[in-house]
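Chemist: Take a look at the letters that make up each chain.
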Amino acid sequence: MSATQQSVRVHLPLARGRKAERSLRALLFHVALLLCLAIGILTLATLLIDVMTDGVPRLTKEFVTSLDSRFPAKAGILSSLIGTLWLMFLVAVISFPLGVGAAVYLEEFSQRNRFSSLIEVNISNLAGVPSIVYGLLGLAVFVRFMQLGRSVLAGALTLSLLILPVIIVAGREALRAVPPSIREGAYAVGATTWQTVRHQTLPAALPGILTGVILGLSRAIGETAPLITIGALTYLNFVPNTPMDRFSAMPLQIYNWVSRPQPEFAKVAAAGIVLLLLVLLAMNAIAIYLRNRFEQRW
Amino acid sequence: MSTLPPRPLAGGTVRGVRERIIKWLLAGCAIVSIATTIGIIASLAFETVDFFREASIVEFFTGTNWAPTYKPPGFGVLPLVGATLLITLIGALVATPVGLGIAIYLSEFAKRRVRKIVKPVLEVLAGIPTIVFGYFALRFLTPEVLQPLIPGTQIFNALSAGLVVGAMIVPQIASVSEDAMRAVPRSLREGAFAVGSTRRRVATRIVFPAALSGIAAAVILGLSRAIGETMIVTVASGLGANLSIDPREGMATITAYIVQVSLGDTPTGSIAFRTIFALGTTLFAMTLGLNILSHRIAKRFRERYE
Numbered sequence: 001m002s003a004t005q006q007s008v009r010v011h012l013p014l015a016r017g018r019k020a021e022r023s024l025r026a027l028l029f030h031v032a033l034l035l036c037l038a039i040g041i042l043t044l045a046t047l048l049i050d051v052m053t054d055g056v057p058r059l060t061k062e063f064v065t066s067l068d069s070r071f072p073a074k075a076g077i078l079s080s081l082i083g084t085l086w087l088m089f090l091v092a093v094i095s096f097p098l099g100v101g102a103a104v105y106l107e108e109f110s111q112r113n114r115f116s117s118l119i120e121v122n123i124s125n126l127a128g129v130p131s132i133v134y135g136l137l138g139l140a141v142f143v144r145f146m147q148l149g150r151s152v153l154a155g156a157l158t159l160s161l162l163i164l165p166v167i168i169v170a171g172r173e174a175l176r177a178v179p180p181s182i183r184e185g186a187y188a189v190g191a192t193t194w195q196t197v198r199h200q201t202l203p204a205a206l207p208g209i210l211t212g213v214i215l216g217l218s219r220a221i222g223e224t225a226p227l228i229t230i231g232a233l234t235y236l237n238f239v240p241n242t243p244m245d246r247f248s249a250m251p252l253q254i255y256n257w258v259s260r261p262q263p264e265f266a267k268v269a270a271a272g273i274v275l276l277l278l279v280l281l282a283m284n285a286i287a288i289y290l291r292n293r294f295e296q297r298w
Numbered sequence: 299m300s301t302l303p304p305r306p307l308a309g310g311t312v313r314g315v316r317e318r319i320i321k322w323l324l325a326g327c328a329i330v331s332i333a334t335t336i337g338i339i340a341s342l343a344f345e346t347v348d349f350f351r352e353a354s355i356v357e358f359f360t361g362t363n364w365a366p367t368y369k370p371p372g373f374g375v376l377p378l379v380g381a382t383l384l385i386t387l388i389g390a391l392v393a394t395p396v397g398l399g400i401a402i403y404l405s406e407f408a409k410r411r412v413r414k415i416v417k418p419v420l421e422v423l424a425g426i427p428t429i430v431f432g433y434f435a436l437r438f439l440t441p442e443v444l445q446p447l448i449p450g451t452q453i454f455n456a457l458s459a460g461l462v463v464g465a466m467i468v469p470q471i472a473s474v475s476e477d478a479m480r481a482v483p484r485s486l487r488e489g490a491f492a493v494g495s496t497r498r499r500v501a502t503r504i505v506f507p508a509a510l511s512g513i514a515a516a517v518i519l520g521l522s523r524a525i526g527e528t529m530i531v532t533v534a535s536g537l538g539a540n541l542s543i544d545p546r547e548g549m550a551t552i553t554a555y556i557v558q559v560s561l562g563d564t565p566t567g568s569i570a571f572r573t574i575f576a577l578g579t580t581l582f583a584m585t586l587g588l589n590i591l592s593h594r595i596a597k598r599f600r601e602r603y604e
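Residue numbers (our numbering), protein chains in the order written: chain A, 1 to 298; chain C, 299 to 604.
It is worth saying that the hints were derived from the structure and are not from the lab.
Given the structure is predicted, the values throughout are model-derived calculations rather than measurements.
Ideal Cβ positions, reconstructed from N, Cα and C, are used throughout, including at glycine.
Hints may contain errors.
Stated by the list, open to error - Pulled a few chain C residues facing chain A out of the computed Cβ check, cut under 8 Å: (1) K321; (2) P427; (3) F438; (4) V533; (5) S560; (6) F582.
Unchecked claim - One side of the interface only, derived from the structure: several residues of chain C facing chain A at Cβ under 8 Å: (7) A325; (8) S341; (9) A343; (10) L391; (11) V396; (12) G425; (13) G578.
Claimed, not checked - Okay, the calculated bits of chain A under chain C, using three or more residues with CB under 8 Å as the criterion: (14) 125-132; (15) 158-166; (16) 187-198; (17) 274-280.
Throw the hints in and build the complete structure from the sequences for me.
Modeler: This is the structure in C-alpha cells:
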C-alpha cells in the first residue's frame with residue numbers, strides 16, 4: 001500500500017507551500033474562515049454563560065428535593081429528576097440487549113445477503129427519522145395498542161427504539177475493531193461462532209460497546225418531543241413509583257418552565273438546564289473514562 | 299459482516315441446536331429494526347387514511363387555513379409547511395457557510411492545537427439537548443439581540459428559531475463535510491502543491507470540488523434535521539399557525555402543532571387527534587425523501603480515485 005492510500009492528514013512541511021500567500025484575497029479568505037470558527041465557539045460560549053448566570057444561583061438543595069409548584073420560589077425538579085432516572089434505567093435495560101444482540105448478529109453471524117443489506121439500509125434510515133415521529137409511533141403502539149397507557153414504560157420503550165440505531169452502529173464499530181486473529185484463534189481450537197463471540201470477541205469489544213450505549217443514553221435523556229407526544233405530563237406534583245406510573249422528565253419540565261409567563265420561571269428553567277447539562281457531562285465523562293481505561297490496543 | 303467463512307453449526311448435536319437457537323434470538327434483535335420501520339409506517343398510515351376520510355386531500359395540500367378545532371374546521375397545511383420551510387431556510391443560510399467554513403479550516407488549515415479545541419467544541423454543541431437551544435432562543439436571543447436590533451420583532455418569531463436551528467445543525471454539517479474533505483486523497487493536494495499552488499487554491503479549487511458530493515449530502519442531511527426539529531421551533535416560534543414570510547412574526551411549524559395537540563386535551567379518536575398523524579406522515583415523507591436524496595447524491599457523484 002502506498003503512502004497516499006493511508007489516512008489523509010497532510011503534514012508534509014513542503015506540501016504547505018513555502019511562502020505564505022500574501023495577497024488580499026488570501027487574507028480575506030483566512031479571516032472569513034476564522035470568522036466561521038469564531039461564530040461557532042462564540043455561540044456555545046454565549047449559550048453556556050447565559051444559562052449558567054441565570055441558573056447556578058437558583059440551583060440549591062431545595063431545588064433538587066422539591067416538587068414543582070405554581071410559585072417560582074418553591075418550584076423544584078424532584079419529580080422529573082426521578083422520572084429521568086427511571087427512564088435512564090429502563091432504556092439501558094431494554095436497548096442494551098437489543099442493540100448489542102443486533103450488532104452481534106450483523107457482524108458475527110450473518111452473511112452478506114439481501115436480508116442483511118435490508119436491515120442495514122433500514123437502520124440507517126431509522127437514524128434519520130425525526131424524534132417526534134418516534135413519539136407518534138410510541139403513542140400508537142405502546143400507549144394505545146399495547147395498552148401501556150402514558151407510563152414510564154411506554155416512554156422508555158419509545159426512547160429505546162429511538163436510540164437503537166445509535167447503539168447498533170456503535171456496537172458494530174466496536175466489534176469490527178477486534179482483529180480477525182482473535183476469532184481465528186478460537187475457531188482453530190474448535191470453538192463455535194457463539195462460543196467465540198461469548199468468550200473472546202464480545203469481551204474484547206465491550207468497552208467500545210459500553211461507550212456507545214452511554215452516548216446513546218445521553219441522547220435519550222435530552223429528548224423532549226417523543227415524551228410530549230406519548231403524553232408524559234409536563235406538570236407533575238408526585239414522584240413516579242412504578243414503571244406503569246405517569247411521569248415527567250427533566251427536559252419536559254424545563255420546557256414547561258420556559259413556557260410559563262412569569263419571568264422568574266426563566267431562572268428556574270435555567271437551573272433545570274444546568275442540572276441536565278451536569279448529568280450529561282457526568283455521563284460523557286464516564287464514557288470517556290471507560291474508553292481510555294479499558295481501550296485495547298491490538 | 300464476518301470476513302471468515304461461515305462456521306458449520308455442528309448439525310443435530312445439542313451444541314448445534316443451541317447455536318441455532320442463539321443465532322435466531324440474535325436475528326430477532328436485528329429484526330426489531332425492521333419491525334420499528336413497519337410500525338412507524340403502519341401507525342402513520344392507519345390514522346392518516348382515517349383522517350383523509352373526513353378531510354379532503356386537496357384542501358390539505360393546497361389550503362391556507364389551518365384550524366382543525368374550529369367549526370367549520372380548516373385543514374389547509376400550508377401555514378405549517380410554510381413555517382417549517384422558512385425556519386429551515388433561515389437555518390440553512392446560517393449553518394451552511396459557517397459549517398463549511400469550519401470544515402475547510404479544520405481539514406486544510408488548522409494546526410493540531412486548534413483542532414484540539416475546535417473539535418470538542420463541536421461535539422459539545424452537538425450534544426446539547428434542543429430544549430436548551432430553545433431556552434436560549436426565547437430568553438436570550440429574542441429579547442437581548444433581535445428585539446433591540448430589528449424593530450417589530452415579536453416575542454415569538456421565526457427568525458430566532460431559524461438562527462438557533464442553524465446553530466444546532468452547524469456541528470453536523472461541519473463534521474460530515476470535513477469527513478468528505480479528508481477522504482480526498484493526498485495525491486491530489488500534493489500534485490497541486492507540486493506545481494506551486496497555494497493552500498487557499500488547493501482548498502477551494504481542488505479539495506472542495508472533489509468532496510462536493512459528500513458536502514452536498516451533508517447539507518441535505520442538515521436540512522432534513524432542521525425540518526424534523528421540534529423543541530427549538532416550539533419554544534421560539536410559538537404554537538400559532540400563521541401563513542407569513544415575515545420572520546419577525548411567530549408561526550407554528552408542523553412539529554410545533556403536533557406538540558400543541560399532544561399537550562392539550564384533544565380526545566383520542568377525534569379528527570383533531572388524527573391530524574397529528576397526518577402531519578407526522580407529511581414530516582416523515584419530507585425527511586425520508588431528503589435522506590434518500592442525500593444518500594443518492596453521495597453515492598452517484600462520489601469521485602473515485604483508486
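Chemist: Work down the list of hints and note, for each, if the structure agrees.
Modeler: How the hints compare with the structure:
1. K321: This hint holds: K321/C lies near chain A, its Cβ roughly 5 Å from the closest one there, short of 8 Å.
2. P427: holds (3 Å)
3. F438: Since the shortest Cβ distance to chain A is 5 Å, the answer is holds.
4. V533: Because about 6 Å separates V533/C from the closest Cβ in chain A, which is inside the 8 Å limit, the hint holds.
5. S560: holds (5 Å)
6. F582: holds (5 Å)
7. A325: holds (5 Å)
8. S341: At 3 Å from the nearest chain A Cβ, S341/C passes the 8 Å test, so the hint holds.
9. A343: violated (10 Å)
10. L391: Check failed: Cβ of L391/C comes no nearer than 13 Å to chain A, outside 8 Å.
11. V396: holds (5 Å)
12. G425: Status holds, d = 7 Å.
13. G578: With Cβ-Cβ at 4 Å, under 8 Å, it holds.
14. 125-132: This one holds; 7 residues, not fewer than the three required, reach chain C with a Cβ under 8 Å.
15. 158-166: Holds, because 3 residues of the segment 158-166 of chain A bring their Cβ atoms closer than 8 Å to Cβ atoms of chain C.
16. 187-198: The restraint on the segment 187-198 of chain A holds, since 4 of its residues have a Cβ under 8 Å from chain C and three suffice.
17. 274-280: Satisfied; 3 residues make the cut.
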